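Based on the hints, put chain S in the right spot on chain U.
2 protein chains.
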Amino acid sequence: MSLQSKPVVGVVGVGRMGAAMTLRLRDEGYRLGAVYDVRPEAAEASARESGAPRAGTLAGVTAACDAIVTVVSDDAAMDAIYRESGDSLLEGAGGKLFINCATIAPAVHVEIERRLAARGAASLEACMASSITQAREGTLYLMVAGAPEAFERARPLLSALAGSLRFIGPAGSAAQVKALVNMVMNINTAALAEGLALGDALGLDLTMLREVFAQTGANSRVLETDGADMQNREHDVYFSAAHAAKDSHIATALAAEAGLRLPLAEATAAQYDRMVAAGLGELDKSGIAELTFPGRGPHSDA
Amino acid sequence: MSLQSKPVVGVVGVGRMGAAMTLRLRDEGYRLGAVYDVRPEAAEASARESGAPRAGTLAGVTAACDAIVTVVSDDAAMDAIYRESGDSLLEGAGGKLFINCATIAPAVHVEIERRLAARGAASLEACMASSITQAREGTLYLMVAGAPEAFERARPLLSALAGSLRFIGPAGSAAQVKALVNMVMNINTAALAEGLALGDALGLDLTMLREVFAQTGANSRVLETDGADMQNREHDVYFSAAHAAKDSHIATALAAEAGLRLPLAEATAAQYDRMVAAGLGELDKSGIAELTFPGRGPHSDA
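Protein sequences, first through last, are from chains U and S. Mind the numbering: the first sequence is residues 4 to 305 in my numbering, read in order. Mind the numbering: the second sequence is residues 4 to 305 in my numbering, read in order.
Everything labelled a hint here was simulated from the structure, so no lab data went into it. As the structure is a prediction and not an experimental result, all values here were calculated from the model. Some clues are possibly wrong.
[Said to hold, decoys possible] Reference excerpt, derived from the structure (chain S facing chain U, CB under 8 Å, subset only):
#1 Leu161
#2 Ala194
#3 Ala268
#4 Thr295
Every residue, glycine too, gets a C-beta built ideally from N, C-alpha and C.
For reference, chain U alone in the conformation it holds in the complex (with noise of 0.2 Å):
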């Protein structure tokens, strides 16, 4: 693709995810026509990191912009950019690309697709189940859903940014898998936590219990990814309990909606409410070994 058809590129939200996909867009030749973020210094920082001009105005992010990511913090924030009077990123929205990579509800998608196509702009999810790290480096791994035609149309841009596109089907579907996703790996994060907990308490070798749970039935991503953290301590946030929390009550909701009892999922999200509640919500997801483990605080009595 030459550069020439290279849309101009807007990211609204540049938060640590959204600034590094921003480098990301620029370090594969995208045009940088704004970023906006509601806090001033964050916005401030991503321009000055990246060399985008910085946009007052969500209407100045869709006027500069031929393609616009929205990396937003939760569904009110996304239902925000997209209100449908005062700024918003609908003014002036028509023949334009909206691609919509937070996690939030899969009603919230449909709904933004809804009013966006309602000014004939086009619009998909692209949700991330991988960090930031990766959002640099162009190797997320990106679940898309929305209309196909829009899919083609952004196939470049999202290509730049992921080592593996997987559509997947309407809007809404891609952040329903995306909350599964979520709701499983946060499970199974419950449960290592709890293994190791009871392995240390009962005095053995964690190091070596790890091995024998990476050659058995117990092996798992989160095994390789939180296992030594969980033993070591180490809980510097990748991706934090405050998010674990959120989308475990995002499936939870789900489930309930569709009548379904999920005692895993309802228990992981009590643990992960936990953390927040004490103040731990800011530590990364494999800090709820510290709810688990013997000696470590804050003890629980519930």
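Showing chain S alone in chain U's frame:
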């Protein structure tokens, strides 16, 4: 190792697992001194299949063999074959080697080692983290605990059964690790059953969903072993739900003794208890999906 130096081996408890180990030992050139089972038909079948003499008493097994492998079903059965009076493997045990492969409570291993040591016999626990096919093929993953000199003495025989041997520590510690492996495996299994069930309720393609799980933080060994079976309702027993319930309770009992609260392990034990109560205990552990998927029975009102 020459044929002459191999011990004469007996096997006590020749259900499917013990019978498979018996055949494997025969194929590896061990002379079989006796097989024994409390169920005469099981002993008869194994004797016929392997060519081993069927012993009429436990004392007869000890008398006929240098090394005795035991694969009984639970703590009570283990206690019974090593009873202090009446027909028992303890009679004439001095100088012989006993290898206990059943999944039982760690404290029982410690007690049996004490009884054997008092009679001048050596003992080991060799806990299996794999199943019948691996036993037959000599590719078990064996976690071994006991005195190091007993391990060295047993190593050739254990190597005939195992693809991988791991020495864990003193008597009881292999059973602890095994309980932890199965606890984490069972939670991960319950988690997978919930994730696939919710995906089914949402109308997602479960083959696609399993592929996404495999490439993300939701990946696990049980996804490989049980994911398709859950989707396709193929629950031929490989590791039964009743066994999963038993093992989960061994772990939660250890946690209770240690004063730890493990909500995921407890929720998982409760799910497997529900399977047993619903008459589904002889399904494979993957059958837990029958509790979670929409439209599958039994329906939960718990």
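A quick look at each hint next to the structure:
1. For the restraint placing leucine 161 of chain S at the interface with chain U, the shortest Cβ-Cβ distance is roughly 16 Å, beyond the 8 Å limit, so the hint is violated.
2. Satisfaction of the interface hint for alanine 194 of chain S is found here, the shortest Cβ-Cβ separation to chain U being roughly 4 Å, below the 8 Å cut-off.
3. With a cut of 8 Å, the hint placing alanine 268 of chain S at the interface with chain U holds, because the nearest CB-to-CB distance is about 5 Å.
4. Interface hint status for threonine 295 of chain S: upheld, as the beta-carbon distance to the closest one in chain U is roughly 7 Å, under 8 Å.
Checked against the numbered hints above, the structure violates only hint 1.
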